Amino acid sequence: MIRKPVPVPLREGGEVEIDVRDVTIAFERDGGELVPAVDRVSFQVRRGEFICLLGPSGCGKSTLLNAVAGFETPYEGEVVVGTKVVTGPGPDRGVVFQQPRLFPWKSVRANVAHGPRMAGKSRADAGAIADELIEMVGLSRSAKALPHTLSGGMQQRVAIARALANRPNILLMDEPFGALDAQTRTVMQEGLLRLWAQLDTTILFVTHDIDEAVLLADRVLVMSAGPGRIVRDLAVDLPRPRTIETTLGARFQALRRECLDLIRQQSQKAFEGTHDA
Amino acid sequence: MADISTPAALSPRGAGALPAVGAKRRRSARLSQRINMAVGLVSIPLFLMVWQLIAQARIVNPILFPAPTEVARAAMEWVTSGLFVEDAVASLKRVATGYFVGSVVGVGCGLLTGRSAFFSGLLGPLFQVLRPIPPIAFVSIVILWFGLSEGGKVFLIVWGVFFTVWLSTHLGVQKVDQGLVRAAQMLGTPRRRLVGEVVLLSALPFIVVGLRTAVGISFYTLVAAELAGAFAGIFYRIQLAQQNMQTGLVFAGLAALGLISFIADRCFAMMAQRLVWWR
Ligand SMILES: Nc1ncnc2c1ncn2[C@@H]1O[C@H](COP(=O)(O)OP(=O)(O)OP(=O)(O)O)[C@@H](O)[C@H]1O
Ligand SMILES: [Mg+2]
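So the sequence lines, in the order shown, correspond to chains A and B. My numbering puts the first sequence at residues 1 to 277. My numbering puts the second sequence at residues 278 to 556.
Looking at chain B on its own, in the form it has when it is part of the complex:
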């Protein structure tokens, strides 16, 4: 009650001045919105500037904390040498292959366990036990299984992606609106077409959330995969640079990893809107 009566009490013309107060409030709201946007724009440049100043003032060891300019120089060198493209292609290939296989198998298993109590009983507990094991814990056994081949790296990413996609598909399928299933049945939809006509689309919003989470996971798992011995790749480059104390390149690699997975997530978010077109 107090904040409703305050503007009227403060304004000299009483209740008649309320619209003016409202307009002022709206204007100030718009102003603060603009300020927030401007702050958002300077956030990263400001951070880089502070970092640059600290590095130049030699408050910290410049070899361990290279200035942004030094990182930029290392990044340029990485790009012009052609190694960056090589590394990026190697990493993206692993991520894309692992993501694709993991997603397809995940959606397939999710449909299976979500639709059938038998398969849910058979596979559900197994998946739930395996799911929490971080993929990085498998690096050593993967090296024994696959050696240094690409198969092992893709396997790790598949492993990371699979469980998230499986779980979200499983839950989505279980939450399918039975009313829609009945509607489809009374219209003569045969059993074998129910999945394609109703179940999959009904579960799609859930599946899309799982697929998006899995984009991030596939990049986390990429690090584990390239830890398992590689000859090209962004995290491989970071490790190599670390061994040679090229800290500028280490930071450049970290920035590249962040940037690529950020872009991948954004692209996915845009695609997701089209995928669930009726929302």
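Okay, chain A solo, but in the shape it has when bound:
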């Protein structure tokens, strides 16, 4: 396979928004021995970019995302967001988890309004922000409902609206559509792309689904099997706006193929690795 180096299309602004510098994150095994889950990873995300972290299960994607979110502290290296080193979670980085994790005791509207309320906005202002976002994700009719009365897809849309309510510069998404059925997932992917085009948010999106990564991203960062490393920074030069039709094109298939080969190599290595050990 011939790989043409594709220049990364710089979006307006183009400043570095997320700077991951030589980050190693290790967890303690039962014996007390430190085992790295993410091994000396570096990458940069520019303002407004949509980046997908792609890799096999257990390779450390969530761990890396959690380091950017501030839930995980690097053992070595640092994550810089804007101009500040990340020391903890904050409202400048909205997070959408694999599970919706909505507050079960709050209505959809109150869930979305929570962030602005914590930022000191009045009840009315926070409510107005919530209503606007709920409208954007198409759930106006369920604004008063409690989360458990909604379907999984609807709950995840609420979670996205909630993560956007503080108008964060960065949206971090950890396999947000992983638990949804194929049809719903497609609808959500197209919806997310529209939302992103409207909002000018930087998105770091974790997935193990190759098609999803290629469809959504400006760049796909392909990770190796654990301990996670970035083995390829692949620019996706597909024109936008993209829809599910995009996946039928020859260029999409070529990029998909490239990712597939990389992932297959990684899985192979991981498999042989377990045999050697």
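For the record, the hints were derived by calculation from the structure and aren't laboratory data. Warning: the hint list may mix true and false statements.
Pulled from the structure, derived: some chain A residues nowhere near chain B, Cβ distances all over 12 Å [to be verified]:
#	residue
1	Asp92
2	Arg185
3	Gly249
No farther apart than 30 Å at their CA atoms in a straight line, the calculated lysine-lysine pairs in the DSSO-like style are these [unchecked claim]:
#	chain 1	residue 1	chain 2	residue 2
4	A	Lys144	B	Lys452
5	B	Lys370	A	Lys106
6	A	Lys121	A	Lys84
7	A	Lys106	A	Lys121
8	A	Lys144	A	Lys121
9	A	Lys144	A	Lys84
Partial selection, computed: residues in chain A whose CB lies under 10 Å from chain B [said to hold, decoys possible]:
#	residue
10	Ser57
11	Gly58
12	Arg101
13	Gly115
14	Arg117
If you're wondering where the values come from, they're calculated on a predicted model, not measured in any experiment. Backbone N, C-alpha and C define an ideal beta-carbon position, used for all residues, glycine too.
Following the hints, complete the assembly by docking chain B with the ligands onto the known chain A.
Quick look at chain B with the ligands alone, frame taken from chain A:
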């Protein structure tokens, strides 16, 4: 397999008759449900009738086992004399005060030990050692500490209520969904507001179970409290009646105690549903 094939085999028209068999089965299920309900309604009257018959037949000593009619007469007398209200108010005041203080302190300590490993280490073992001691065992020392004052009685009820509420709050707080905590954090919830916004509500289903158990416990402990010397109260009345061999009044007192704690539990159950509104 056997019970699936049986109806078809028994019915003359084979598989085509299955819906009819289903309807019949449903009807008989409904019938037996009604019978069970009717049985439930007559349970207490039937028990009282048998008791009345046994007492009238003089199979047992009527002074030790007074007939329901005699118990009712004693109860009426207790109510009309105005003493019942006095006793009930005295007892309920103790229960309410002790329950309130015990619950508030219990929830507070539970939040503290559930959230902080330091306080869990400091207080957990102590509470676990004190918890199994029945409150009634403290009656003698409480008399020495508090004399016959109300403080001692309330103390016993607080003691009884506290540990249950503490333990359920502690466990509830420890089981708080860390995912929800992270969600709250990324939305900018300050540390000091996490307890009010997430932890307390997350733990509420556990806390409510503890609070409900504590309602029953506060009435058990009331008996111990009034054993420690009182001048009014339902169990105080029962003791007094026992000394005067007014067995009718003893039974009336027992019935009142059962009824009041039953009503309290029911009220709490109804309130609990509102308290955990999202379930
Ligand atoms: N809290 C933790 N304690 C110990 N080990 C952990 C912890 N979190 C993650 N790990 C380990 O780190 C490695 C990477 O985990 P991570 O959850 O980041 O993988 P992932 O790429 O997100 O996988 P998946 O696609 O299955 O979600 C795994 O081997 C996992 O066992
Ligand atoms: Mg993961």
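Against the structure, the hints come out as follows:
1. Asp92: The claim breaks: Asp92 of chain A does not keep its Cβ more than 12 Å from every Cβ of chain B (closest is about 9 Å).
2. Arg185: holds, 21 Å
3. Gly249: Holds, because the least Cβ-Cβ distance between Gly249 of chain A and chain B comes to about 36 Å, which exceeds 12 Å.
4. A:Lys144 / B:Lys452: Status holds; Cα separation ~28 Å.
5. B:Lys370 / A:Lys106: Violated, at about 36 Å.
6. A:Lys121 / A:Lys84: holds, 25 Å
7. A:Lys106 / A:Lys121: It holds: about 18 Å lies between the C-alpha atoms, which stays within 30 Å.
8. A:Lys144 / A:Lys121: holds, 20 Å
9. A:Lys144 / A:Lys84: Not satisfied, since the Cα-Cα distance of roughly 38 Å exceeds 30 Å.
10. Ser57: violated, 19 Å
11. Gly58: violated, 19 Å
12. Arg101: holds, 4 Å
13. Gly115: This interface hint holds because 4 Å falls under the 10 Å limit.
14. Arg117: holds, 9 Å
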